[in-house]
Amino acid sequence: RKEVEQDPGPFNVPEGATVAFNCTYSNSASQSFFWYRQDCRKEPKLLMSVYSSGNEDGRFTAQLNRASQYISLLIRDSKLSDSATYLCVVTPTSGTYKYIFGTGTRLKVLA
Amino acid sequence: SQTIHQWPATLVQPVGSPLSLECTVEGTSNPNLYWYRQAAGRGLQLLFYSVGIGQISSEVPQNLSASRPQDRQFILSSKKLLRSDSGFYLCAWSLGRDQPQHFGDGTRLSIL
Numbered sequence: 001r002k003e004v005e006q007d008p009g010p011f012n013v014p015e016g017a018t019v020a021f022n023c024t025y026s027n028s029a030s031q032s033f034f035w036y037r038q039d040c041r042k043e044p045k046l047l048m049s050v051y052s053s054g055n056e057d058g059r060f061t062a063q064l065n066r067a068s069q070y071i072s073l074l075i076r077d078s079k080l081s082d083s084a085t086y087l088c089v090v091t092p093t094s095g096t097y098k099y100i101f102g103t104g105t106r107l108k109v110l111a
Numbered sequence: 001s002q003t004i005h006q007w008p009a010t011l012v013q014p015v016g017s018p019l020s021l022e023c024t025v026e027g028t029s030n031p032n033l034y035w036y037r038q039a040a041g042r043g044l045q046l047l048f049y050s051v052g053i054g055q056i057s058s059e060v061p062q063n064l065s066a067s068r069p070q071d072r073q074f075i076l077s078s079k080k081l082l083r084s085d086s087g088f089y090l091c092a093w094s095l096g097r098d099q100p101q102h103f104g105d106g107t108r109l110s111i112l
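Sequence order for the protein chains is A and B.
Here the first sequence is numbered in my numbering, starting from 1 and rising by one per residue.
Here the second sequence is numbered in my numbering, starting from 1 and rising by one per residue.
Where hints are given, some of them may not hold.
[What the hints assert, rightly or not] Cβ pair distances, simulated, as ranges:
#1 A:A17 to B:V15: 43 to 49 Å
#2 B:A9 to A:S53: 37 to 43 Å
#3 A:R76 to B:A9: 33 to 39 Å
Simulated from the structure, these hints should not be mistaken for laboratory data.
In this text, a Cβ means the ideal position worked out from N, Cα and C, and glycines have one as well.
Working from the sequences, and respecting the hints, build out all of it.
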């Protein structure tokens, strides 16, 4: 089983739609969680950190479910500019400074 | 605020030539530093990371090496490039495991 798993997509949604991605992780002791977006041929950029209580940033909402070992990203009122690949990132607990990246979920917002 | 500089943006090298990619971070001290490679259409592969000057952890055995001669400088090198070394190379920094990583603009390396 991969340490971090994401549905590769693509998710094709119309403008204005709400779309949600999930990301599962295998290490129950994982410590920190993040969502990044990566545009084609560009570097990943931090979208938001994911906190235990859930957090929201404008149209974006992130949730953490430790019991089921997944994090989610909800995008409301999708824009064309939201088209990108969304990467889930998990940091394990002690003993390593590595970040575990999912392979990403591709989103296409259609006009 | 912190910034990360990575250069060059693109590089075309012949097989068997040497490589040196440099990354510097400004506006912070003692960052954790990382080198990743991303093949076309694939996920990020961690190559090296460093938690201090002269401390390098290697994740994938290959013909690449890394060095950290100064606190905020991270260098990726190779003595002889292979065709399979082609890819998008990304440098990143963070201030701890509970903090997010921040990436440089990346170097797109093509091996002819």
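These are the hints, each one checked on the structure:
1. Between A:A17 and B:V15 the beta carbon distance is about 47 Å. The supplied range of 43 to 49 Å therefore holds.
2. In this structure, B:A9 and A:S53 meet the distance hint of 37 to 43 Å, their C-beta atoms being roughly 40 Å apart.
3. A:R76 and B:A9 have their C-beta atoms about 35 Å apart, which keeps the hinted 33 to 39 Å range intact.
Going down the numbered hints, you'll see the structure goes against none, and every one checks out.
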